Structures are given as structure tokens and as C-alpha cells.
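Trainee: As you go down the protein sequences, you meet chains F and W in turn. If you use my numbering, the first sequence corresponds to residues 1127 to 1709, in order. If you use my numbering, the second sequence corresponds to residues 1127 to 1709, in order.
Since the hints were derived computationally from the structure, they do not count as laboratory data. From a predicted model like this one, the values you see are computed outputs, not experimental measurements. It is possible that some hints are incorrect.
Output of the computed footprint for chain F on chain W, the stretches with three or more beta carbons under 8 Å from beta carbons of chain F [as the list claims (entries may be wrong)]:
#1 1163-1176
#2 1456-1467
#3 1502-1510
#4 1529-1539
#5 1661-1670
In this text, a Cβ means the ideal position worked out from N, Cα and C, and glycines have one as well.
Protein chains: 2
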Amino acid sequence: MHNVLIIGGMAAGCKAAARLSRLSSNYQITIVEKSPFISFSSCGLPLYVSGELNEISELIKTSYGIIRDEKYFSQVKGVRVLTKTEVKSINAGQHEVECYNLEKNETFNLYYDSLLIATGSKIINPPFQICSSPLISPFHSPDDAAKLRQAVQAGKISKAVIVGAGFIGCELAESLSSLWGIETILIDKEESILPGCLDKEISAYAVSALKSANILLLLSTIVEKIELDAKGYPLVSLSSGQKITADYVFYCLGVKPDSDLAQKSNIKTGRFGGILVDENMRTSIPEVWAAGDCVEITHLVTGQNDYFSYGSLANRMGKAAADSITGEKTCFKGSAGTLSLKLFDTIISASGLSEKKALENGYSTGAVIGCWTDRPDYHPLAKNLLGKLIYDKSDLRLLGLQLIGEGEVTRYIDVFSDLLSDHKTVYDLTNLEHGYTPAHSSPVSILNNLGYMALNQEVGGIRNFNPLLFSSFQGICIDVRESDETELFPFPEKPLQIPLTGIRSRINDLKKDPGIEMPFLFICEKGPRAYEAARMFANNGFNNVAYLAGGNYLYARLSQSPSIGDFIKTENLSGCTEITNER
Amino acid sequence: MHNVLIIGGMAAGCKAAARLSRLSSNYQITIVEKSPFISFSSCGLPLYVSGELNEISELIKTSYGIIRDEKYFSQVKGVRVLTKTEVKSINAGQHEVECYNLEKNETFNLYYDSLLIATGSKIINPPFQICSSPLISPFHSPDDAAKLRQAVQAGKISKAVIVGAGFIGCELAESLSSLWGIETILIDKEESILPGCLDKEISAYAVSALKSANILLLLSTIVEKIELDAKGYPLVSLSSGQKITADYVFYCLGVKPDSDLAQKSNIKTGRFGGILVDENMRTSIPEVWAAGDCVEITHLVTGQNDYFSYGSLANRMGKAAADSITGEKTCFKGSAGTLSLKLFDTIISASGLSEKKALENGYSTGAVIGCWTDRPDYHPLAKNLLGKLIYDKSDLRLLGLQLIGEGEVTRYIDVFSDLLSDHKTVYDLTNLEHGYTPAHSSPVSILNNLGYMALNQEVGGIRNFNPLLFSSFQGICIDVRESDETELFPFPEKPLQIPLTGIRSRINDLKKDPGIEMPFLFICEKGPRAYEAARMFANNGFNNVAYLAGGNYLYARLSQSPSIGDFIKTENLSGCTEITNER
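My request is simple: use the sequences and hints to build the entire structure.
Mentor: Put into C-alpha cells, the structure is as follows:
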């Protein structure tokens, strides 16, 4: 028998164990897990907190209702599981690990032929001072969630502060405010939510989902310390001098690889602190593999190492490690960082690099933003869908995509993710076929449209003008919507108004070169008509025309955003005598 | 000025016209359309019939509420539109077409520099005799839909018969029965619905959606004639001798390319009757292009010509034709036949070849069927998702996919479609990354899982056993579900019962070689446990094991299917003394 020892019994470890047991009966498989649980779906914790799941044990059940515990793994998989047992050290020379049973206070050694490290992630500790209190807590483990649910159910929380507006912070904010109606304050030092994944304007659009749910969002806000007030309740001090009391404070500052054990054993780790592995999940030490949240992997766009803590990747890595251990053909090439998140009714998804990250990585970065409905406009369920495409201007290679909306969002990110990993270009986007039915999509998909938009910009010379640049715009702004629309939804900066249906006959009324650098910016409700007008003008000899990306629809949402509303307003519109900039 | 003449003002023609007008102001563009409408979204007609859309004009409005009529095209696009005008002939030598104004009874000629034929599709006429009556009608044009809606609203239809269970027939059946509660009978000569796209077992699963909506489905049923009874109501005579009366009868037998004009002009057409075009939409005659439902295109899997009447393809072809006319870089390579359809709450999608078509095309065809939930099992919104993957056994190249479920279905077909057009393999499926969040997907996507399943069959030797083959199964059948499940949902054919949780200890109780060809078939609720058991037995020296694809869940649905329920029941189970086959 070949002894396989797996350190860590969550997604990657359990997947590897199950796969190994299926591949052959020649393996003696042991999982060592320091917590009392194994195979726990921690992605489901927010659902338990919100009350959508009644029992936390739902997160460790099989689809047929059996708890995945030590007994289950032994009976069904023939896998031995030691919970509440910590691995203290690895002796790679002797092929041994030193284990410590936390319950029995016992130390013992286990031999392995193959070792898989799947120790997962650990929370990033706050850089500010925290008072030790059960009312001040991270949100990472089943224990954290169980305590929170108890407190919520007992009516002990009417106001909560969450520090950190990343994935977990946002999901937790939803869990607390949605079903329980808890007054929730979400704080982040960055100027946007999900700053690692979304560009500022897309994030600002997402913010409206949180705002409409009565979550108070404090962005660009630095926490200095969290202490207890005289009554023993948490008191959050901000660098602004403001102090916020709450019944409970959570810090959700993200996670990092839990690679302490590997580092102690001289297994190579990388710049994110994650264990370095090859495409077969092998570490720098023979007969030692690693998989899941404890490793860093190749970013499929940059080719550089990166760190992603996603359950989907952990599963695939666990399987790849098992295949590799048995000698099966396998290959885990990395990740495009593809993600998806639902906040109330808003669905956010992204893949690849944000514009910010593309610029940081030195790409000749181009970007376009577009807004369409996810289904034909006539469909009763049609919802707005906003997309931002990032590409390399030098070769039109795709770099990233961000999508946000309330309807069909996630389907497009999966395709895009695959295109990214194949190093495809903007042209490939325009050739994509999709399963069209009015119930679920428009005949031309948002990916086709974003591709066309990028080509119109790079090849056709019609610029897609990012609303964040609006404050520095100096030129003539023309709103081509119909008068009933401009009355209902006036564009705040009061542009010239020439409806698209009448603009063709008025082209010659305007001076082709008013002597300013970016003379003509067209605006409509979402973008397509403004593009049409810009193109018409360009075809008639007007140089340097552009259309406002996402139109009045996006602009209106951004101008209400706490972080960028004031920023985008322009006082520089010129050439339009009508404009008074009263706001 | 360069004269571009476009024959046909629906998806492909209007898209081409709009694109041309945007690309340059050097084109004088004319659309000639024989109907009174242009740019009509005929995919939305079922929504108008069902009452979900109030006005049929919604289908010709822009997103900002303006009707896309002659005036709109003239004002906004600078495109001249001649409706109610038919092109009678093309004189390619003279670069002229002969037009006939149906209203004014006038004939006139138009000159072109470039000609685009976008004449669309026409209905396939029934092979049986039909009495001429306004109560017996196809369902193809806005007129058909308008008359139907009027009749429905006036309460004139309480019972309808639809002949043809393809896309349109199924959608129409939903429209009539869902909101209006009309007694609807759907007839097809094939033994399944959507026979061109779905294999029999997947189609049979889809049938449950129609049955639960109180639609009477008559499959394998041949219509001999449709006449009128003594009161003037339609009377449908079946080859069985049965006669059905109804207030209204629709025949929806599909569409074919409307290429009469092209054929008359000696433009080459193919085996489907569609105009033959190259990747730039050029026909066999210089300066004549064709696009949309009137052309046949390359099937991206077979490389052979095929015919697809999809609005999404028509749009992309129209754009490609416009680009080609102007000399822009373009390429329309064909289609993988990717489709999506919603019937009540059931979503059906498919791409590439069905198993039947793959076999007909001579592929060494392999297939697997799997059933999972579309989200983690613990998620309150989790729905079952059934998938069938078809691949080439010789090189594991992907050939086709069929998916069906009530939740997240369409997202997977888009990715698969792209993989197909890139000639990817089963291995590529297992490497797919997706945007994972429990609200919208499981950590391991159905595409990953189907890929694993195919590899387990081809490389691992564990056969995924199609339930349609069950009637010829002669061997030992073992149900590995827990006893509470088998009591609640007994497997009809009464197999041996050994729960997975206890099977490991009983392996040696069974004879390794009972002397029959396919000795061991494992069954569970959906498949995964049965696979696990099959693998366990294979690892312990049992040869020739298999697991029932889709488990009891799929089998139960198939056994209720009118077309295959009786077929799959076996009377040949052997080796299990317990089996009595009482049913």
C-alpha cells in the first residue's frame, strides 16, 4: 500500500482524498484536519447567517443528506480522517509528519509516501489596534458564523460595523441587513467596494445595490482602532476623529495563504506567501504536493504568480494533485481570476485584469464600457447589463471583463474566462456564438457588442469616453436623446440637445473644427445612439468625436456615488452657450 | 456614391444597412421589403400571443420607444426603405433588380453597385392535405400572430391543435396554454419533441415541462389531413383513424431558406436550398452578397454545410456582409448550432451534434449523461440540471452538448459553443474555469463534471449506462441509495439494495464474474454514488461495471414518458433473486 497523507480537510484536501480513493484501492489515505469539521462549504456561511439555511450542518451534508464526517469518509471512501489534529512539522527526509491531537494533548508521527499540503487560507489581521472581545471578530470559520447567528437570533445585534468591503464583507453586510434588518455600516479604506476586482466606475455602480438596501457605506475611510466603550460595546475610531458604536464589529480584510507549516519545512513559497507549485501541483520538495488556498498559482493573463482564494479552484487543484500523485495525466495551468458575486439583486462578475491592474502591469491598455439590456428591450424581464472590457491596444488581446446587472450576468463571464486563458483577441469576441432565446438573451450578446465597441474605438476611431474623465472634458457636448427623455432624465451638465432623429439634417450647422482638443462628445441614455451620432459626424469630416460610455444611465448612478459623484462633475464645458452649470 | 441594394428588411438586411450607414457616408443604401414591416423581431411573436406583450408594435420599437419604420431609417440611418415592394428578378449583368410595388401595382428597376440578398426563410408546407380556412394557419408572420391574438382575446379559441413540436410549435403551445388556459394538443410524427436538436432521452425529459402544463402531447403521430367539420371547424385526421376537432389548427413544420429569387438568378444554392456563401458572405455571383435565414452555412463541428434559422446568426451575418461590402476585415465562419429555449419553467439548450447526428455523421461517438444541481445542494434555489455530452471516442474531441433544467442552464452552452468551434477536447472541459458563487453555481461546474465523466468512461473504464439501453440489460443491478430514499423513490425494476455507506464491507460477498456480459449496474438517485460504487468494485477486481446515467431521477421521468416509458422497462434482470418485475 502507498500511504498518502493529506494535511487539511476542506475543499482541496477532501477532493484529493475522494479522487485518490476512486482511482485505485492501492492507496492508504489519511486526512489530518485541525478543526472539528471536514469538507465544510465555507462559501455557504453567509447563507447560514442570513437565515436562508436553518442548520450549519447543511454545509457538510451530501446531496442525499448524509453528514460528511470521519465515519462517512471511512465507510464510503475508505479514507481515514483525524480531526482536531494539527500537523506540527514535516520531516521530508524521513517522510514523516509530527501530529498533535488537540483534544487528547497527544503527539504522534505519521509516515507518508506522498504528502499533500492543503492547509487553506488564514485571515489577514487588521493593521489597527483591536480590543479583545467576543463582540469584535473576524468572519472566517464556522465558529464565527455560528456565534453570529446565535447572537442575531437572540436579538443581541441591532447595529453592526463591518470593516472591509471585499467579498466577505459585502456578503456579510447583505446577510445582516437583508433578512434580519440590522443597521449595518460597511467601511473600507479604498474609494470603492471590491477594489481588487472592479474598476472604480463599475464598483460605484455596484454600490447602488448596497445603498438601496439601507447599508451605510463609508469609503475612503480609515479605521484607527476598535476598543470597547464604558458599557463594553465596540467603539470604532476613524482617522477622521469620528467614533461609531455598534453591538458587533467584524473585520473582513481578506485572506492569505496558510503556508506556515510549509515555510517551516523549507518548501518554497512566493511573493504572496503561497506555496509554489508546478502544473502538477508538486512543491519544491520531492513527494510533497500542495493544493487549494495555501498555494499561489499562475495568473493566466499576466503569466505571473497570483493568489486566488476560490472554492472552485481549490476543487480543481485537489483533483489535479490526486491525479498527479497517481501518475494520471493532469495539468492545472492557473486561473484568470474569474469571479461572481450576488449582492441583493445585483450580480457582479469579473475575469482577468481590471483597467487599473492592466495599467500597473504595463499593458498598452484600452477599455470600453457599454450598457444594454440582457434580453431584447421588449421582453418583460429585460434588465440593464453594464459591461467593461479591457484589452491590449497593441495587439487587441483580451485582458479583462467586468459585468454588473440584475439579470443574465454570469453566463458571459464563463465564456470570457475561457477566451482569456486562450489569449484570444477582440476579434474573437465578435465571432462568439451564444444560445439565443428572447427569454434569456439578446440576439447580439453583450460580448459581441463589447467587441464591436472596442474595434470601433481602435479601428474606427470613435472613442468610448469614460465618465470618470468627464470632469476634464472641454468641448461641445450634444445630447441626442428625444425631448421626452431629456425632460424625464435630464443630463446634469446641460448639454446641447439635438435628437438623433433630427441630427442628420443639422450636421452642417456645426463648425467642423471649433479649435479645441476633444471637440464633440455625444450623449444618450445608454450609449448606442450617441455612438451612432458620433459615427455620423466622423463620416462627415468631424475629427475627434466621442460618445459617453454608458450614457446618462451610468453617469446618473456615478454622480450619486459617495466616492466619485463630486469628482466627475465638470465646470469646463465650452462651446455650448446654453450651458450654465447651475449645480 | 456607391449604391447598395438590400433585398429583405428583417434582421440580416437591417443590420447590414445600419452598419453600412455607420461605416461611411459614401453609401446610398436602399432596403426593399415585401411586407409592410421592417426590422421586426419575429422571435418575440410568442410573447405577443401569450399576452406578455400588449402591442405587436413593441417588436419594432427601439429601446427608446421609436418605431423602426421607413421614416426612422431615413432620418437616423440615411437609409431608404421601400416596403410592400417585392423584387421580381435580378439582372446581375446589368447590376439591376426588377421591383414590384404591391400597393401601387407598379414595376420599376433599381441599379446597384453591391447587392445583398437577405430574403429570410419561408415555412415548410405540410405534406398532408389542408383545407383552406382562416382557422387553419401557419405561425410565421406578424399577421399570423395578430390574427391569433385577436381570436384569443375575443374568446374564440378554447381548444387548439398544433402540428409540429419543433421550436415554434412548442413555444406556441406554451403561449396558448399558459396565460390563456387554452386546451392545447401538440402533435409530432417523431417520437420526441425538438427532434432535430435533442436526443430522445433528453427530449423525453423536456416533455415533462409540457405535460405539467396540461398540454396533450401526441408523439409518433401522423396527421393525414386537416379538413373542416360540418360546423366549419377544423378537423384533424390522424393515420390511426382518430379525428380531433379544434377551434384553431396551426402547422409549424419548420422553415427553409427563401432562396427562390436567388435560384432564378442562377446564384448557387446548396443541399438545404440555401444560398451558398463564403466567409465574407459573397455568393457565386460577383457583387452579390447574401446573409441571414436565406443562406446555408458551415456547421463548425462537421465542417459540412447546414441550415440554421436563428436571429442571432442573422444579425452577425448581416454585419459581416456589410463589413465585406466596404472591404473591412471580417469573417463569418459558421455556426455550432447553439440554441436555447424556455418552455414554462424548463430551460433547454444545446450546441453541436446530438448523439444521433454524430452517429449519422460517422463519428466514433461516445456520450455521457449526468445530473447535478445547478448550485450547491444546500442552496435554497438549487435546481436539478441534466446534461448530455457527446464526443469522439477516437480523439476525445467534443461534438455536442444538451442541457436541461429550471435554473442556471444557458451559461454553460455559450462556453461549450466556443469550445466546439475551437475543436477542443474533453480534457479542455475539465480545465474550464467559471465564475463561482453559491448563488449561481456549484464549485465544480457541470462542464467540468461532464468532462470528468467522459474521461472516467474512456480512460477509467467506468461506463455511463444510458437508461434507454436498460431494456436490454441482463445482469445484476445494485441500488446504492439509503433505505429511506429507496422507500420514498423506489427504483421500478427492484434491484439489489446495498447502500453506498455499507457497500465497501460487502464487496467480497459478491461473485466477481457471474458469467454474464455486463454483470454489474449500479444505481443511485442521480448518478454520483453509483459511479463511486462502480469504481470501488472495479478497483477490487470486478470487470465490466457501469452506473445508470442520471440515476433513478432520470429513469423515473423517462418511464413516465409517453414515447419511451414502455420501451425502457426490462424483463431481463438476472442474478438478483429478489427481482420479481411486478410492474
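Trainee: Tell me if chain F covers the region 1661-1670 of chain W under the three-residue, 8 Å CB rule, please?
Mentor: holds (count 4)
Trainee: Checking C-beta pairs, does the region 1456-1467 of chain W have three or more residues closer than 8 Å to chain F?
Mentor: holds (count 9)
Trainee: With a Cβ-Cβ cutoff of 8 Å, does the region 1529-1539 of chain W contain at least three residues near chain F?
Mentor: Satisfied; 5 residues make the cut.
Trainee: Is the listed coverage of the region 1163-1176 of chain W by chain F valid when you require three or more residues with a beta carbon under 8 Å from a beta carbon of that chain?
Mentor: holds (count 4)
Trainee: Is the listed coverage of the region 1502-1510 of chain W by chain F valid when you require three or more residues with a beta carbon under 8 Å from a beta carbon of that chain?
Mentor: holds (count 5)
When the structure is compared with the earlier hints, no violation turns up for any of them.
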